[in-house]
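> Just so you know, the sequences run in chain order A and B.
Just so we're aligned, residue 211 is where the first sequence starts under our numbering, counting upward by one.
Just so we're aligned, residue 254 is where the second sequence starts under our numbering, counting upward by one.
No lab work stands behind these hints: they were computed from the structure.
It is possible that part of the hints are untrue.
With a cut-off of at most 35 Å between alpha-carbon atoms, the simulated DSBU-like pairs for lysine-lysine come out as follows [to be verified]: (1) 573/A <-> 395/A; (2) 275/A <-> 256/B; (3) 242/A <-> 226/A; (4) 347/B <-> 395/A; (5) 239/A <-> 249/A; (6) 239/A <-> 226/A; (7) 473/A <-> 286/A; (8) 473/A <-> 264/B; (9) 473/A <-> 355/B; (10) 564/A <-> 275/A; (11) 388/B <-> 290/B; (12) 286/A <-> 264/B; (13) 242/A <-> 264/B; (14) 574/A <-> 275/A; (15) 256/B <-> 473/A; (16) 256/B <-> 395/A; (17) 574/A <-> 489/A; (18) 347/B <-> 226/A; (19) 286/A <-> 275/A; (20) 347/B <-> 256/B; (21) 574/A <-> 564/A; (22) 256/B <-> 239/A; (23) 564/A <-> 242/A; (24) 403/B <-> 347/B; (25) 395/A <-> 239/A; (26) 264/B <-> 275/A; (27) 242/A <-> 355/B; (28) 256/B <-> 249/A; (29) 395/A <-> 264/B; (30) 473/A <-> 226/A; (31) 239/A <-> 264/B; (32) 239/A <-> 564/A; (33) 256/B <-> 226/A; (34) 264/B <-> 226/A; (35) 533/A <-> 564/A.
Part of the chain A face toward chain B, derived, beta carbon under 7 Å [as the list claims (entries may be wrong)]: (36) 397; (37) 408; (38) 411.
Virtual Cβ for every residue (Gly too), placed ideally from N, Cα, C.
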Amino acid sequence: MAKRVAIVSVGMDRFKGRKIETIEEMVYKVTKDALNRAKLPPEAVEAVAYGSAVDGFTGTNAAEKGAIGGANARLKPTMRSCTSGSTAISSPILGYYHVASGLHHIVMSVCFEKMSECRPHAQHVFNTCYDEHFVRPIGLNVPIQCGLEARRFLQRYGHTELQMAKVSVKNHGNALDNPYAQRGKRVTTDDVMSSPYISWPVKIMDTSPTTDGARAVIFASQDVIHEITDDPVWVKGVGHCGDSVWFMGRRNSDLGRLDYAYKAAQEAYEMAGVREPSKEIDVAEVYDPFTFKEMQHVEALGLCPEGGAGRMIDEGISLREGKLPVNPSGGLIGEGNPIGAGMSRLCWAWLQVKGQAGGCQVKKEVNTAVCNGWGGMYQYNAVMVIGRA
Amino acid sequence: MEKPVEQINLKGSIQIHYEWTAGIAGSRFFQELRDHKRIMGTKCPKCNRVMVPPRIFCEECFIDAPEWVEVSSGGELVTFGESYLGTDGAMLEKPWILGIVKLDGADGGLVHFIGEAEPNDLKLGMRMEAVFNDKRNGNILDIRYFRPAKSD
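Here chain A stands alone, though its shape is the one from the complex:
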């Protein structure tokens, strides 16, 4: 029988387009912040689960070894989760496993990414994620794969570019109140709609920036939780999976529908005992590297009916003051998108449940929150549900 696992702290630091800090320095700062927040001594953490999506960004393979010192992980068990963008949540799932197994009492997940170091641009690294046999010679890249997928998504459900633009306005605006955000700003749908296309229907202002940053999360077992806090926020459910890399030939699958995200969400909700997510989830921090990704994810996470993402933003349901706020922190679009350190979605979900989200705090009681991560060549999803009781 798995142990119950609570999240007792998060470690935050400002996201930036280019940080002077090395990986070790970034990791040190968020580790220190997480330990301070929980009033835990460094030696309390027994093991560390790292998360970083792609080594190519820094040009140093097995880059997690650079985080050992900063995470206070010398001579401790460490592992790295590396599932592309979904590392953001698969890394904390790995940390959760360590404690749920009963083998450790207190474990930290720490995620980091420095995307500013490769020249001339991180896009070069993304290009190396494709196979040389059938795809890379054609020059497929992330922007154009967005076009392939978003075009199917809009065609399938009738969503519009204007609805995508509204997500951009919401997330940029929400980030204004996020002290760790790279680019909170007041923008209009006209600004978004008139920004240049990277690949129809996706425009520059539908995208998240490249970012340097790190995040930490500390997990504790039911056996020691009473020594740390009397208000534990439990990991209620986890789910993750990956679909085939052969996105051209997935069976029974349309590029516009993320079957793997529906599956990961279903697993997490079953474990959490959540039957009607749109009613039982109080706030969501979903993976939004592009506006249409937030729309796909709110549908896959059951926060609205399938095909209902357009209505959700049109009716203001997902605004911070709405009935079911989505990315009240600003998400990856507003806060910044240091791929693996997109674990910030979990950190913000936790801050919301704790009532410590400051200017980003939603105007309603929060007991249950969901977050997810997405990545690969459009195939991975990882979901975590957290909450009280």
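Position chain B against the provided structure of chain A, taking the given hints into account.
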């Protein structure tokens, strides 16, 4: 307030060259493409789906898929994307177009260049056909691009 540290940047580069095997299925696929301008798939003996690009196994049934079948070089445009962004991250004046074409006789398809068309000429579901290169080297670029079908 402490004086900010001057940020020192260190420059370097990594150059590594590779020679990838095309695999069991890929080698046969590229050989047929090079020598006969044929697009080949493998067929699952259980669920009968025809995989293009070919695989030596069916990942649905998880059994060997040893039978090879020729599929059409024409098919249906599943989706396409035009890119205004070069691989170096710079904005481009004129977009280039990629699409996924589901080939007749196959359950999968190929992602490839779309040629002889502007984005406005394209509709999801329209008929497409492959144009092969005269000089072929045994790789995916032996197909020059897919274009809107001129016949049927």
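> Broken hints, numbered, in rising order?
Those not satisfied are hints 8, 14, 15, 20, 27, 36, 38.
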